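Protein chains in written order, with our numbering: chain B, 2 to 115; chain Z, 4 to 115.
Because the hints were derived from the structure by calculation, they are not lab data.
Computed from a prediction, not measured in an experiment: that's the story for all the values here.
Hints may be right or wrong, so weigh each one.
[To be verified] With beta-carbon atoms standing in for the labels, derived distance ranges:
no. : chain 1 : residue 1 : chain 2 : residue 2 : range
1   : Z       : 34        : B       : 115       : 40 to 48 Å
2   : B       : 83        : Z       : 85        : 33 to 41 Å
3   : B       : 115       : Z       : 61        : 40 to 48 Å
4   : Z       : 48        : B       : 75        : 16 to 24 Å
5   : Z       : 15        : B       : 54        : 45 to 53 Å
[Unchecked claim] Capping the alpha-carbon separation at 27 Å, the derived lysine-lysine pairs in DSS-like fashion look like this:
no. : chain 1 : residue 1 : chain 2 : residue 2
6   : B       : 42        : Z       : 107
7   : Z       : 45        : B       : 15
8   : Z       : 45        : B       : 42
Just so it is clear, CB atoms sit at the ideal spot from N, CA and C, and this is done for glycine as well.
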Amino acid sequence: GAVVSQHPSWVICKSGTSVKIECRSLDFQATTMFWYRQFPKQSLMLMATSNEGSKATYEQGVEKDKFLINHASLTLSTLTVTSAHPEDSSFYICSALRDSYEQYFGPGTRLTVT
Amino acid sequence: QKEVEQNSGPLSVPEGAIASLNCTYSDRVSQSFFWYRQYSGKSPELIMSIYSNGDKEDGRFTAQLNKASQYVSLLIRDSQPSDSATYLCALTSGAGSYQLTFGKGTKLSVIP
Numbered sequence: 002g003a004v005v006s007q008h009p010s011w012v013i014c015k016s017g018t019s020v021k022i023e024c025r026s027l028d029f030q031a032t033t034m035f036w037y038r039q040f041p042k043q044s045l046m047l048m049a050t051s052n053e054g055s056k057a058t059y060e061q062g063v064e065k066d067k068f069l070i071n072h073a074s075l076t077l078s079t080l081t082v083t084s085a086h087p088e089d090s091s092f093y094i095c096s097a098l099r100d101s102y103e104q105y106f107g108p109g110t111r112l113t114v115t
Numbered sequence: 004q005k006e007v008e009q010n011s012g013p014l015s016v017p018e019g020a021i022a023s024l025n026c027t028y029s030d031r032v033s034q035s036f037f038w039y040r041q042y043s044g045k046s047p048e049l050i051m052s053i054y055s056n057g058d059k060e061d062g063r064f065t066a067q068l069n070k071a072s073q074y075v076s077l078l079i080r081d082s083q084p085s086d087s088a089t090y091l092c093a094l095t096s097g098a099g100s101y102q103l104t105f106g107k108g109t110k111l112s113v114i115p
């Protein structure tokens, strides 16, 4: 199979602090990973495309200075939410592209900013 | 603007029946098609991918693609209560794009 992990699975942080979320492809290499956000009862929203060794491509309306993405290796991408605010509370999900066709999703990280 | 349309449901079927989920799309150059299952509070799980016209079967699941009609469907045979979830239709367009365009999903409820 294709397994993608995320860490942490849930995190609570105080407003103004930063949080880093890791996404790892465990049994395949992924030159491309994606980061999504999902609010309750809403559709997945693509935030950015992460390519190994290059800068991430952000979707319109997503602040690149607030959501820092680093794709440091073929199996690891990280998303750092900087200066988090309560409105950033959401379910963050990464996916990894295998064989240039199929996206496999991580289990998600539930972020609560107090 | 690429659009993927799904009936939001809920679609209710009795246990053991066939559940039929449908999806239409607007972009004729769409090349790859996927069905994801998402349980409440969980992330999506890939259950089927289909790239050419016709049927593709995997266990109790059959995906059907008709590019001329811009239509893709998912059949679930012998539906089980554990199949109760939201099913997301997704596709990628051509030109080397790997980004998925999702439908809003169809909520399936399998009644014991």
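Hint check:
1. Z:34 x B:115: 40 to 48 Å: holds (44 Å)
2. B:83 x Z:85: 33 to 41 Å: Since the Cβ atoms of residue 83 of chain B and residue 85 of chain Z sit about 40 Å apart, the hinted range of 33 to 41 Å holds.
3. B:115 x Z:61: 40 to 48 Å: holds (44 Å)
4. Z:48 x B:75: 16 to 24 Å: Check passed, 23 Å falls within 16 to 24 Å.
5. Z:15 x B:54: 45 to 53 Å: holds (48 Å)
6. B:42 x Z:107: The hint holds at about 10 Å.
7. Z:45 x B:15: With Cα atoms ~24 Å apart, residue 45 of chain Z and residue 15 of chain B stay inside 27 Å; holds.
8. Z:45 x B:42: It holds: about 12 Å lies between the C-alpha atoms, which stays within 27 Å.
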